[in-house]
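Position chains L and Z against the provided structure of chain F, taking the given hints into account.
Protein chains in written order, with this note's numbering: chain F, 2 to 274; chain L, 648 to 859; chain Z, 648 to 859.
Just so you know, nobody snuck in bad clues.
Quick list of in silico lysine to aspartate or glutamate cross-link-like pairs, DMTMM-like style, CA-CA up to 25 Å:
{"id": "1", "chain 1": "L", "residue 1": "K706", "chain 2": "L", "residue 2": "E663"}
{"id": "2", "chain 1": "Z", "residue 1": "K706", "chain 2": "F", "residue 2": "D147"}
{"id": "3", "chain 1": "F", "residue 1": "K185", "chain 2": "L", "residue 2": "D811"}
{"id": "4", "chain 1": "F", "residue 1": "K167", "chain 2": "Z", "residue 2": "E669"}
{"id": "5", "chain 1": "L", "residue 1": "K706", "chain 2": "L", "residue 2": "E689"}
{"id": "6", "chain 1": "F", "residue 1": "K167", "chain 2": "L", "residue 2": "E723"}
{"id": "7", "chain 1": "F", "residue 1": "K237", "chain 2": "F", "residue 2": "D204"}
{"id": "8", "chain 1": "Z", "residue 1": "K706", "chain 2": "Z", "residue 2": "E745"}
{"id": "9", "chain 1": "Z", "residue 1": "K706", "chain 2": "Z", "residue 2": "E679"}
{"id": "10", "chain 1": "F", "residue 1": "K167", "chain 2": "Z", "residue 2": "E679"}
{"id": "11", "chain 1": "L", "residue 1": "K706", "chain 2": "F", "residue 2": "E155"}
{"id": "12", "chain 1": "Z", "residue 1": "K706", "chain 2": "Z", "residue 2": "D692"}
{"id": "13", "chain 1": "L", "residue 1": "K762", "chain 2": "F", "residue 2": "D165"}
{"id": "14", "chain 1": "L", "residue 1": "K706", "chain 2": "F", "residue 2": "E160"}
{"id": "15", "chain 1": "F", "residue 1": "K60", "chain 2": "Z", "residue 2": "E812"}
{"id": "16", "chain 1": "F", "residue 1": "K185", "chain 2": "L", "residue 2": "D766"}
{"id": "17", "chain 1": "F", "residue 1": "K104", "chain 2": "F", "residue 2": "E121"}
{"id": "18", "chain 1": "L", "residue 1": "K706", "chain 2": "L", "residue 2": "D682"}
{"id": "19", "chain 1": "F", "residue 1": "K104", "chain 2": "F", "residue 2": "E116"}
{"id": "20", "chain 1": "F", "residue 1": "K167", "chain 2": "L", "residue 2": "E794"}
{"id": "21", "chain 1": "Z", "residue 1": "K762", "chain 2": "Z", "residue 2": "E794"}
Sample of chain L residues at the chain F side, in silico, Cβ under 10 Å:
{"id": "22", "residue": "A657"}
{"id": "23", "residue": "A664"}
{"id": "24", "residue": "H709"}
{"id": "25", "residue": "F710"}
{"id": "26", "residue": "R721"}
{"id": "27", "residue": "A739"}
{"id": "28", "residue": "E770"}
{"id": "29", "residue": "G800"}
{"id": "30", "residue": "L819"}
Don't read these hints as lab results, they were simulated from the structure.
A virtual CB, placed ideally from N, CA and C, is assigned to each residue, including glycine.
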Amino acid sequence: MAGAQPLALPLPLPEGEEDWTGPAADKAGERGDDDALYLELDGWEGPLDLLLDLSRRQKVDLRQISILALVDQYLSYIDRAEALRLELAADYLVMAAWLAYLKSALLLPKEEQEEPSAEELAMRLQWRLQRLGAMREAAARLMARDRIGRDIFERGAPEGLRIDRKNRWHSDTFALIQAYGQVKARTAPRIYQVRDRMVMTLDSAIDRVSAMLGVTLEWMDLRDFLPPHADPSLRKSALASSFVAALELARLGRAEIAQDEIFGAMRLRRIAR
Amino acid sequence: MDDLVRAVEATLFASEASMSVEALAAHLGGAEAADVRSALIELADHYRERGIRLVERGKLWHFETAPDMAHLLRREREQVRRLSRAATEVLAIIAYHEPVSRAEIESIRGVQTAKGTLDVLMEAGWIRMAGRREVPGRPVIYATTTEFLEHFGLASRRDLPGLDELRAAGLLDPIDEALEDAMHFESPDEGDSDCDAGAEADDDFISDDSPA
Amino acid sequence: MDDLVRAVEATLFASEASMSVEALAAHLGGAEAADVRSALIELADHYRERGIRLVERGKLWHFETAPDMAHLLRREREQVRRLSRAATEVLAIIAYHEPVSRAEIESIRGVQTAKGTLDVLMEAGWIRMAGRREVPGRPVIYATTTEFLEHFGLASRRDLPGLDELRAAGLLDPIDEALEDAMHFESPDEGDSDCDAGAEADDDFISDDSPA
Numbered sequence: 002m003a004g005a006q007p008l009a010l011p012l013p014l015p016e017g018e019e020d021w022t023g024p025a026a027d028k029a030g031e032r033g034d035d036d037a038l039y040l041e042l043d044g045w046e047g048p049l050d051l052l053l054d055l056s057r058r059q060k061v062d063l064r065q066i067s068i069l070a071l072v073d074q075y076l077s078y079i080d081r082a083e084a085l086r087l088e089l090a091a092d093y094l095v096m097a098a099w100l101a102y103l104k105s106a107l108l109l110p111k112e113e114q115e116e117p118s119a120e121e122l123a124m125r126l127q128w129r130l131q132r133l134g135a136m137r138e139a140a141a142r143l144m145a146r147d148r149i150g151r152d153i154f155e156r157g158a159p160e161g162l163r164i165d166r167k168n169r170w171h172s173d174t175f176a177l178i179q180a181y182g183q184v185k186a187r188t189a190p191r192i193y194q195v196r197d198r199m200v201m202t203l204d205s206a207i208d209r210v211s212a213m214l215g216v217t218l219e220w221m222d223l224r225d226f227l228p229p230h231a232d233p234s235l236r237k238s239a240l241a242s243s244f245v246a247a248l249e250l251a252r253l254g255r256a257e258i259a260q261d262e263i264f265g266a267m268r269l270r271r272i273a274r
Numbered sequence: 648m649d650d651l652v653r654a655v656e657a658t659l660f661a662s663e664a665s666m667s668v669e670a671l672a673a674h675l676g677g678a679e680a681a682d683v684r685s686a687l688i689e690l691a692d693h694y695r696e697r698g699i700r701l702v703e704r705g706k707l708w709h710f711e712t713a714p715d716m717a718h719l720l721r722r723e724r725e726q727v728r729r730l731s732r733a734a735t736e737v738l739a740i741i742a743y744h745e746p747v748s749r750a751e752i753e754s755i756r757g758v759q760t761a762k763g764t765l766d767v768l769m770e771a772g773w774i775r776m777a778g779r780r781e782v783p784g785r786p787v788i789y790a791t792t793t794e795f796l797e798h799f800g801l802a803s804r805r806d807l808p809g810l811d812e813l814r815a816a817g818l819l820d821p822i823d824e825a826l827e828d829a830m831h832f833e834s835p836d837e838g839d840s841d842c843d844a845g846a847e848a849d850d851d852f853i854s855d856d857s858p859a
Numbered sequence: 648m649d650d651l652v653r654a655v656e657a658t659l660f661a662s663e664a665s666m667s668v669e670a671l672a673a674h675l676g677g678a679e680a681a682d683v684r685s686a687l688i689e690l691a692d693h694y695r696e697r698g699i700r701l702v703e704r705g706k707l708w709h710f711e712t713a714p715d716m717a718h719l720l721r722r723e724r725e726q727v728r729r730l731s732r733a734a735t736e737v738l739a740i741i742a743y744h745e746p747v748s749r750a751e752i753e754s755i756r757g758v759q760t761a762k763g764t765l766d767v768l769m770e771a772g773w774i775r776m777a778g779r780r781e782v783p784g785r786p787v788i789y790a791t792t793t794e795f796l797e798h799f800g801l802a803s804r805r806d807l808p809g810l811d812e813l814r815a816a817g818l819l820d821p822i823d824e825a826l827e828d829a830m831h832f833e834s835p836d837e838g839d840s841d842c843d844a845g846a847e848a849d850d851d852f853i854s855d856d857s858p859a
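Chain F extracted, bound-state conformation (with noise of 0.2 Å):
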């Protein structure tokens, strides 16, 4: 805060401790020659409030305050609260700061001060006041008001009025066949049939491959032992039975098997017993 723009007002802070009553009584019962004001530190809210009630205090219409006599009556209220040590929120040090550079502002000559000009500030202030203050009065009015509850009671035993819902329920015939359709056709047993394919079972696979095997002793191309002109999906299923077969009789000792390269022809050669 310390470094506060001098023409800034300071931002709020929190409020204290709230009070309906007002300002807290003075604890440690001492009093001022004048007032107590200055010991009532903790019941304002904040520094324009009490810059309210000290304008108040002047006992005129706020539009005629004099704000050179408010700045002074602020001053030597923060004054005398530091002086008693009473701890200050810096919001009321900083509109001190502020009420403090609008004063020697309005005491300089016109032609010298800056824009705004310290008469607007100072009248920008005591619209503010004025603002506040009739709020407050329009709170106090509207609190004193004929409430609901304290001052004016509404039907203390009402019969209370009850609609009740009733459903007329709506349908037709044919969402009622339709509906029955539906049960029927999701429950009814269904028979699931899987259409033959073409396939090379590993055994016919086996008897094929070493049949062929048999015929050379020279490597042969897997791809060799694929019975020709087959379908495609034929092809497949045989492609994966001969290879099946000729690990198969690999294992058995019956062929060897070779490739090159990764992905290259895989052949294929018996084994001479």
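Leaving out everything else, chains L and Z in the frame of chain F:
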């Protein structure tokens, strides 16, 4: 208007309980009981023909709604609602298979049935409990009512189309359930969208029936 | 006595809450709103001088005791919430300036508003969040409720005491932050003030009301 009469009127209005003449007199700062009594009589006379009455019951006085206005205190509001798909299915099964138990309905539908679904059909007046099946657990069995036939414009249950007719009408063709679900607007508040059997969190459902 | 007038009288007497003309018309089986309105006016006139009155508060009607009966009826146990000075001031600022943001309230009071203050007023049902102001930071704005009008016996916000004079004096002019800035009168920044503002963290609050 007399101030005491106004005070009695306001006091009885704001009071949470009926009040005796004595209680009123005490409340009104020690008014004479006789004055309170005549105020009460004046008020009762004033309200004789109005929408509210001032009445005495066992020496206690209170305001109440005029008897011919009592219908205003409890109003019925009728709401037309369309039967949900789940309820329609259950109703159809009962109509085709009656009398059936709840377990049998569930066995035919292939899904559990929320308690609310049968309640809705009972509320609609379309099904009734038709006794108990004499098997272990003695489950309640349900049947349709005359109102059911009336609402659906059927002379008798025999008017319901048979399976052959349903098939001919294409109503037995398997349907895409996902599409069906997406297209179906089931009222959410009915509580019986029991396609997801989660609705069966309904604890008081007792499986009292072994499916046939 | 007209039956509709009697019916309106009976319904409002029996109702636990204040009712709008529309709610009354609906409850009375679709009576014309205009007829209900004239029945209300006839009844309000009839009860003008009695111990109870028929009053309109924010378009809702109810019966209540006459204000001059307060001394007889004031209850021993305090039924009315006692508000702190800060809370009464904040309530007045909201009522006279609504809708206002928390920063605007703070700008008038020159002090930050403790979080509890707005909560107390919300809990009492006297203020509500009325959307967000479409300025950077989108601060929540507050307005008074119908319960507020009802509790303080105001037919509408126009009945707020001294409203016209305050407006004429310019004391209710919109809190113009831009002007405050121009005057180098720093007003609490919307963004800064809510370091402790739990109410502002309410992200899923839906702006249902476009700020004036």
